[in-house]
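*Asks:* One-letter residues, chain by chain:
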Amino acid sequence: MQTSNALDPQSPQARAIYDLAIPSTIIFALIFVIVTGAIIYAILSFRGRAGEPDPKQIPGNRNVEIAWTIIPFLIVVLLLVMTLSAMNRADPPPAPSPDLVVTGHQFWWQVDYPGSRVITANEIHIPTGKPLSVRLESKDVLHEFWVPELTRKMSNVPGQPNHIWLQADKPGTYIGQCSEFCGTQHAWMRILVIAEEPSKFEEWQRAQLQPGQAPTSDSTAKGLALFQTSTCINCHAIRGVAGADLRVAPDLTHVGSRRQLAAGIIENTPANMRLWLKSPQHIKPGALMPDFNFTDEQLNQLSAYLSTLQ
Amino acid sequence: MTTYQFVTTAWTWNSILLTLGAVAFVGYFLAFGQRGRPLYFAAAIVLFLLAFISPFSVLANGYLFSAHMLQHILLVLIVPALLLLSLPRSFSLRPPLTYLTHPLIGWIAGVSAMWLWHAPTLCNAAATSRTVSAIQTTSLLIMGSVFWWQVLAPREAQRLSPPAGIVYLFTACAACSVLGIILTFAPVSICPVYQHPVDQLGILSTIRGSWGLTSDRDQQIGGLLMWVPMCAIYVTAILAQLARWHSSPQPEQSNA
Amino acid sequence: MNGTTTIAEFREAVLDPAKRRHYQLAWLSTVDHKRIAVLYMLTALVFFIIGGVEALFIRLQLAVPNNHFLQPDTFNQLFTMHGTTMIFLVVMPVVFGLANYVLPLQIGARDMAFPRLNAFGFWCVPFGGILLHFSVLAGGAPAVGWFAYAPLSETPYSSSPGVDYWAVAIFVLGIGSLSFAINTIATVISLRGPGMTMRRLPLFTWINFVNAFIIIFALPVLNAGLAMILIDRLLQGHFFLPFRGGSPVLWQHIFWAFGHPEVYILALPAFAIVSEIIPVFSRKPIFGYEFVAASSVAIAVLSLGVWGHHMFTVGMGRPLDVFFAISSMLIAIPTGVKVLNWTATMLGGRIRFDVPMLCCIAFLIQFLVAGLTGISHASVALDWQTKNSYFLVAHFHFVAVGAIVFAVIGAIQYWFPKMTGRMMSESLGRWTFWLMVIGFNMTFVIQHFLGLLGMPRRVFTYPDLPHWGWMNMLSTAGVFFMSASALILVWNLATSFFRGKGAGDNPWDAWTLEWATTSPPPHENFHALPPIRSRRPLWDLANPDRPDPIVGENSAAVTLPNHNKIGILSFILSETGFFGTLILAYLYFYGRPEAGPGPKELDVPRTLVFSVCLFASSFTFWRSEVALTKQRRGSMLGWLALTILLGGVFLVGQGTEYWKLFQTGVDLSTNMFSTSFFTLTGFHGLHVLLGLIALLIFLWLAWEGDFASDRRESAFKSVGYYWHFVDVVWVFVLLTVYILPLVQ
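Protein chains in written order, with my numbering: chain A, 1 to 310; chain B, 1 to 256; chain C, 1 to 744.
Careful, some of the hints might be misleading.
Mimicking DMTMM-like on lysine to aspartate or glutamate, the simulated pairs with C-alpha atoms at most 25 Å apart in a straight line are [unchecked claim]: (1) A:56 <-> C:509; (2) C:501 <-> C:354; (3) C:501 <-> A:52; (4) A:139 <-> C:73; (5) A:139 <-> C:594; (6) A:56 <-> C:545.
Just so you know, these hints were derived from the structure itself, not from any lab.
Just chain A, with the same shape it has in the complex (with noise of 0.2 Å):
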């Protein structure tokens, strides 16, 4: 099962991350250690007796005060060296020009590729073994990009373009979610990122560049026709519909291949499709969509023709 554990790293970034964590947790627990140990053996050597007088008045002692100045004070110079070495470790300068932009909306990730102008949603395929150069944007509120076990999170700031790198050891699906509270269905602005093999990349890559699937049946070319003229593409897009380019919304050329819907809360079939076609505020109270009220019929058409934009 996918798991987001940043003790789990898998990419030189998020290793670098760990690297530090692992002798800080050390540190901080043989100090844990040092201070209770202290207290509990104060609790166990010093207990009062009703009755007994009070003992030595000790008022300090300036050598230990000293002492236990500077020790910390080393320790905090000896914990920043090596923050300051995982620092650039896990986040060198960005490149000049990115590989990947992921621009929050609420509630969903936008993901654009400026080389191969892929243009998808929610799903970040990458090739295994390369370090990718992320910009990540905001078009309205603050987000955060976090996937743990790849990576520092990082705010999508409105106006304020950041950087990361994304990389990825070994094959896999890695989960990560939006960590800066942006509104109602905050916590449902999952990321997931699916590295593979660069041969198998470039393949979903080939394919993301083909336009949407025609439709091929009655049933999914009246769902076609019904994306044309039912407001829907006044905020999404499908490369290859006429008129459909906006992208308010997420885009939805190859909406079927993906394995999640709405960022994440249910999994993509096409009982869920239709679903949340029939009432997206129910699955998601609060999310950008409204409800359309269609008719049954209706659904079944257009979550088809959905469904078969692989």
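Model the placement of chains B and C on the given structure of chain A, informed by the hints.
*Replies:* Below, chains B and C alone, put in the same frame as chain A:
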């Protein structure tokens, strides 16, 4: 030029300053003999000279705003403090210099020493003209000394009481931090000459390249130096005041 | 008055209708610091229950994955209100209340320096609390998190008035906090009893005194930020909206410049409590008094410079990240020194494990954990994984609950006898303690691991990822123990008040002055004070064979600084933070080019003329002061009237400038320059207006005749300080807004 070459060769043999330093040292002994604390004085002179003859001074003079800021901090805070600490206990100022010992004067001197020399025109002038630079150095030393007098004057009676000293130091720290904040976040160059340094030594590519110091970053670091490390100096002074307060058998104010 | 009188009096008052009204009125109108303190703490208790219920619902919703117990929007409102309530309506009032009660007693004073200001400060709390909660009825509570990041908290994304109520409520609460801080500073500096020199102050007093300075410098920054966000929301300002030229990151800087010192404002009183209780129950003085005192000052100063560690993932740039990491790690050192001093106090003692001491021991261990996880957040790279996750939630709850709440419970058990004359039940206290230890650790220890497993904060639900389910369930289970503990505490308070054992003056055999009077103390606090030569006057009395070393010397009577002067100077210090923030915000936008009006629209020569009037009014005020000291009433009235006139001319001048700008279509909403210009000059103008009102009041009082007294003179001088300060601020505004563009 590589970093190593730079560090080993960019020393400036400034005969004027070295002579002045020697003269100052001799003058110190003539004036105070054994009564003062010569080690502090020596440290002050050495630091002062280092600030001006080491490769660091080359950086401060026209390449890096942050190096220039470090030089300022040395001249306003560190060297004057050492100078004052080196004075013998019997030292006292004669009028009219005693006017300089009013706390408000001291505070304004210390804070404006930093603010004034960062007005863009003045900052540029100091970086390009040797005369202005000499004026700047002298003024920083004097104003720094006037500032520190309130806290480091040779005799206890000449100083502010420790609690007042803490308020004095803290507010000065805050005032300089504000400048630091402005410098760090300003989108324009405060001292334009550092944006396009005249590259006499051929070191600019190393600075921008392997040191990674673009002019934006340089100004940011300069502002941050004025903020964090400078405040660290003030905080240390505050802690020293507390130590002084708690160790002295001073008569204290109360409603007794 | 002793303990039985309080209870009998209370019973009588409740049963007799005539007396009941009088008694109620006495409490509602009180200016006695002891009663105000109790009001503070009772109010805090009420909001603690509200905030706790909010937490209960939060944890119920999070107990299982994919839960639908609560709607997402409801959940979001709940966590916003929970955080805001606990910080501003629970912890701050309770620590202010405690300090209010104990501090004047510990320094041998009759009351706080400004009793009416004290009452005002208290009443801001219920008023602010009601304002905040009224939002529930007026369209929904705010749902933006307790720090209300922009742009989410701006109108396009939060259109209901919840955020407006939140901002105004916190503004009111901030004014209350500032009042308390000013009062504390003036009290400690000006009202100490004979022999109570600054170096002999008990650590509880010293640390609360230092804390007051943090409040003075930090709260006004928040007030400036709140003013700015209200201007954005209600007057179409632009401060934090990027598509209008503003900056969301600026909100974060301003908020955290307040927010980080705020957490020290919450924590330092806990340190104060523990520094008092641990020595008494270890039967030894605090180990290293000077170092604990000095480290408190170091923490206060440093706390103002670490706020960037809340913003390591915002993209401030590497140099800023590094500098804030350095300062944040440095602040760990004085904090750590304290923990070691407290531990060393216990070593070699004869420890009594009464409930207050148990709470302090738990505090030590839990605060240690909190401090260590705090250092991990100061390490930028580690923070890049743990920030905004449950690891962070665990960290700050270890501080807020593990350290602060435990310290407060200990403090209540410790000082309750002094306040009521009765002991709290020791066995109920133990139940409270152990249930809280179990519940607290059950809830929050596991959250560290949840965060490391990738669970972000502020999510109303979560998918069924490995371990998330049972960890959250465990975390929720702990809440029931904590609720039980709280209920037992309330029960303990109620029953002990009526049936607790009599306490006597000094049930704990403690050494500070509050124990040198009856329980509860008489109205004027002390009938007589013991001799004060060291930090523990009562120890000296009880142990004449081995008194504490004398600290400092008693000097001949020296007049302490006048409390009016200290009060107004503290207020002025606080205003520097407010105006400083507004000026810096103005400069922030000044450097960024934009279309539309700019400084060139301003009529500098005309403004200079009106400025001269304002500066002249400082001169005329000074002449008025001189006339007052010479008892020349006519002269004083004349100069004062002239001052008011000149101030009025300035305001009229500003008004005409505004009018001219409005006529050309330049108002708050035009662009960044106009927003920041009107905000800065507008608030300055408001301060001038308030100053004029104060001066008019004095004019009227002087006209009526009674101006001979000393008190009036010092009050007049204090208003003078304020008036001069308003001038000084204008100098900076003039330089920044009007002169700077000309010399560039």
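*Asks:* Could you run down the list of hints and mark each one as holding or not?
*Replies:* Right, here's what the structure says about each hint:
1. A:56 <-> C:509: With Cα atoms ~16 Å apart, residue 56 (chain A) and residue 509 (chain C) stay inside 25 Å; holds.
2. C:501 <-> C:354: holds (15 Å)
3. C:501 <-> A:52: holds (23 Å)
4. A:139 <-> C:73: Measuring from Cα to Cα gives roughly 21 Å; hence the hint holds.
5. A:139 <-> C:594: holds (21 Å)
6. A:56 <-> C:545: holds (13 Å)
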